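In the order they appear, the protein sequences are chains A and B.
First residue of the first sequence? That's 317 in our numbering, and the numbers climb one at a time after it.
First residue of the second sequence? That's -15 in our numbering, and the numbers climb one at a time after it.
I should point out that these hints are in silico values taken from the structure, not numbers from a laboratory.
All figures in this text were calculated on a predicted structure; none of them were measured in a lab.
Don't take every hint at face value.
Said to hold, decoys possible - If you want the footprint, here are the derived chain B segments under chain A, 3+ residues with CB under 8 Å:
| # | stretch |
| --- | --- |
| 1 | 13 to 22 |
| 2 | 29 to 38 |
| 3 | 74 to 84 |
C-beta: ideal position from N, C-alpha, C; glycine also.
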Amino acid sequence: EVQLLQSGAEVKKAGESLRISCTGSGFTFGSHYIGWVRQKPGKGLEWMGRIDPTDSYTSYSPSFQGHVTISADRSISTAYLQWSTLKASDTAIYYCAKTGEGTDAFDIWGQGTMVTVSS
Amino acid sequence: QSALTQPPSVSGSPGQSITISCTGTSADVGSYTSVSWYQQHPDKAPKLIVFDVTYRPSGVSNRFSGSKSGNTASLTISGLQPEDEADYFCAIHIIDNTVFGGGTKVTVL
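Chain A on its own, in the form it takes in the complex:
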């Protein structure tokens, strides 16, 4: 079964750092982009950026550039999303998703990681 398994919920304080993970199984991890999507409580989906696990080439939404870092370790089929300085406004659910075969659409999604940041 093709799936993405994300790390568990996090509760942090503003100013702290954080890294969450997304581990793929059932597919060739290096053959698909992995993207990250934010969803604030009760709100819509926001694309943050994506990475090519083959060469770690990343692209970011201008809205998130400079505030988060996307990385990947192809050897363990895992992508990461990290913050060096969290803000209360980062409180949200974060989803990772993989692109499909021959398309940039996200065909498989992780279960989501809830990040709560207190001020």
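Fit chain B to the supplied structure of chain A, relying on the hints for placement.
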């Protein structure tokens, strides 16, 4: 790049057909075929239901169909069923960028 525009809500009775619009510009929806649609039930991860404007992933009901005309893409749900009540998001993927629509809440009356 601005978010794609979707109606906040659409409703219909069981068995009816409804259409959700997703409006962009001539620079995005009007020029590319990389429009996808996602269904999200409460407290669940989004699920891909249409990609590249008209294609359905394996296992997705043929009651869901996508189309595009000019700068507007559309998702039609035929034979509306109670389990179709959910939020629906369109997205466009252009080179290294993806933009989502604001989302549409579908209510089955």
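>> Checking each numbered hint in turn, tell me which of them this model violates, lowest number first.
In response: none
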